[in-house]
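Dock chain B against the given chain A, drawing on the hints supplied.
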Amino acid sequence: MGGTTKNTILVVDDNPDIRKGLGLRLRANGYDVLMAADALSATAAIVKQEPNLVILDLGLPCGDGFVVMERLQKHDQLAQIPVIVLTGRGKTNNMDRALRAGAVAFFQKPVEDAPLLLAIWKALDLPQDRALAND
Amino acid sequence: MQSALFRIVLLDISVSTLPDIESVTEVLEVAKGLPVIALINEGGMTKAKEAMRLGAQNYALKGCTSDSLVNTLKHAMERQHLIAEIEDGKESVARESHELRNALACIHQFSTILLDGLAGPISEEQREYVGIILQNASRARAVVENLRDYVPYDSVELMEQANLLTSTIGVN
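Respectively, the protein sequence lines represent chains A and B. Going by this note's numbering, the residue at position 49 of the first sequence is 49; the numbering climbs one at a time, nothing skipped. Going by this note's numbering, the residue at position 67 of the second sequence is 67; the numbering climbs one at a time, nothing skipped.
Only chain A is shown next, with the shape it has when bound in the complex:
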């Protein structure tokens, strides 16, 4: 899965500016970054490229983030890929639902870099000094 080092992250968001910004931040912290702009291409990218982690928006074309998580949960191997939800939607109706659907963490936009990177470290089980190197 994603080579011997656990460093490939798939960013799924329909907003190209969000994808670009997150991509810059993650690459600066030593991660390889893949991108997808809708639920369909996100699922295809996960199946083909098996990233080590997915940062997933909920409001997406061609389905939504919940559809993506539902598909992952149906596959034993893909269900092991940690998903961090990063959304502009409200917590009230979405946080519990996302965590029940398999997400390991839930963030509302805009998110500070530090808590997001910490959640990534935890989800990938990486030593913290590795991802802190570029901060």
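Honestly, the hints are just simulated from the structure, not real lab data. No experiment lies behind these values; they were computed from the predicted model shown. We put the beta carbon where it would ideally sit given N, CA and C, even for glycine. Please note that a few of the clues may not be correct.
Heads up, simulated BS3-like pairs for lysine-lysine below, C-alpha to C-alpha not over 30 Å straight-line [stated by the list, open to error]:
(1) A:Lys20 <-> A:Lys48
(2) A:Lys91 <-> B:Lys62
(3) A:Lys6 <-> A:Lys74
(4) B:Lys49 <-> B:Lys62
(5) A:Lys91 <-> B:Lys32
(6) B:Lys32 <-> B:Lys49
In silico negatives: residues of chain A with every beta carbon more than 12 Å from chain B [stated by the list, open to error]:
(7) Thr8
(8) Asp38
(9) Thr43
(10) Ala45
(11) Leu58
(12) Pro61
(13) Gln77
(14) Gln80
(15) Asp96
(16) Arg100
(17) Lys122
Then chain B, alone, in the frame of chain A:
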């Protein structure tokens, strides 16, 4: 029952026994959001309360004056209109809040990218200005965070008006 054809439902439960109150539930399911007014006989308050507990908006006495009935219907439709406005307001605020959060996420993300030098070195003056952008983005974020469960202030007033209409015609 097509909601495009009807704006309100008058449901006669005056002759029904208690099990027939189930007809209220069935009608409400079919009415899909239309206001339902239960028609009762004098002394039928128990059935009226039960019908309203199930979702009927109000009740009217059979044999009441036509003015009274017209008023009840008018209030029911006004109340329904106010409720629809509240729901529209909630949806609108949720949608706009989502857009604001995305815009703020971009402002925040790219400001920190500049401050951290990920796009190359910046001068002290540029750093100060980007810092000002970031501070104001944080203020705007606090405003978004404070939106009360995505319910706009106006909708609270609308709900109070709806409740006032209900209490005016003597229904709890």
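Please write out, lowest number first, the hints stated earlier that are contradicted by the structure.
Hints 2 and 11 contradicted; others consistent.
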